[in-house]
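Chemist: Sequence:
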Amino acid sequence: MVVGAVLFSLQYADFTATGLLAACMMICAVIPYRIVQRFLLVSSPDLPVSLLTSIDGFVLFVPSLIIADADEPDLSKSVATWLTVPSIAIMLLLSSVSLAGGHMASLLFLRSAPATSFQVVYNMSNFLLVLL
6 MVVGAVLFSL QYADFTATGL LAACMMICAV IPYRIVQRFL LVSSPDLPVS
56 LLTSIDGFVL FVPSLIIADA DEPDLSKSVA TWLTVPSIAI MLLLSSVSLA
106 GGHMASLLFL RSAPATSFQV VYNMSNFLLV LL
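Residue 6 is where the sequence shown starts when you use my numbering, and the numbers rise one by one after that.
Honestly, I wouldn't trust all of these hints.
Unchecked claim - Pair by pair, the computed Cβ-Cβ distance ranges are: (1) 49 with 82: 40 to 50 angstroms; (2) 118 with 77: 11 to 21 angstroms; (3) 65 with 130: 17 to 27 angstroms; (4) 49 with 91: 22 to 32 angstroms; (5) 50 with 16: 34 to 44 angstroms; (6) 78 with 126: 18 to 28 angstroms; (7) 78 with 121: 39 to 49 angstroms; (8) 99 with 56: 22 to 32 angstroms; (9) 89 with 126: 35 to 45 angstroms.
Calculated directly from the structure, the hints in this document are not laboratory data. Positions of the beta carbon are idealized from the N, C-alpha and C atoms, including for glycine.
Please model the entire structure based on the sequences and the hints provided.
Modeler: As structure tokens, then:
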């Protein structure tokens with residue numbers, strides 16, 4: 006994941022060490038949560054997937070918000086401007102729904118199959134996505 010992020014960012018002329026640091030911080034924030042998430046999936050099979058998806062969204066949202074706030078001088082004004090443009094508002098909504106659906110599907114898959122199988126399916130789907 007880290008190598009892919011570095012290779013992706015090196016393709017852009019405005020690549021900065023700050024951007025790489027932000028990506029690394031995001032990965033460092035997610036790894037402990039993913040370990041806890043796998044433990045909860047195994048130890049608490051009755052735990053609703055919708056609750057895990059909500060926690061997943063919150064854990065990913067907080068570091069993203071901190072990084073965005075550090076990068077964007079007036080984040081609340083920018084978000085308000087984005088929401089006034091219908092095409093951007095619709096894309097933000099669709100992106101949020103598809104992200105939540107993807108996370109929920111991943112959690113359901115992880116609940117019923119080993120993590121190794123999930124990685125194979127996930128990597129193949131990303132490969133197909135790139136081909137499209």
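Chemist: Each hint should be assessed against the structure and marked as holding or not.
Modeler: How the hints compare with the structure:
Checking the proposed 40 to 50 angstroms range against residue 49 and residue 82 shows it holds: the Cβ atoms sit about 42 angstroms from each other. The hint said 11 to 21 angstroms for the Cβ distance between residue 118 and residue 77, and at roughly 39 angstroms that hint is violated. Our hint of 17 to 27 angstroms for residue 65 and residue 130 holds, since their Cβ atoms are close to 19 angstroms apart. In this structure, residue 49 and residue 91 break the distance hint of 22 to 32 angstroms, their C-beta atoms being roughly 41 angstroms apart.
The hinted window of 34 to 44 angstroms between residue 50 and residue 16 holds, with their beta carbons roughly 42 angstroms apart. Taking the beta carbon of each, residue 78 and residue 126 are about 41 angstroms apart, not inside 18 to 28 angstroms as hinted. Between residue 78 and residue 121 the CB atoms are about 44 angstroms apart, so this pair conforms to the stated range of 39 to 49 angstroms. Between residue 99 and residue 56 the CB atoms are about 23 angstroms apart, so this pair conforms to the stated range of 22 to 32 angstroms.
A hinted range of 35 to 45 angstroms for the beta carbons of residue 89 and residue 126 is consistent with their spacing of about 39 angstroms.
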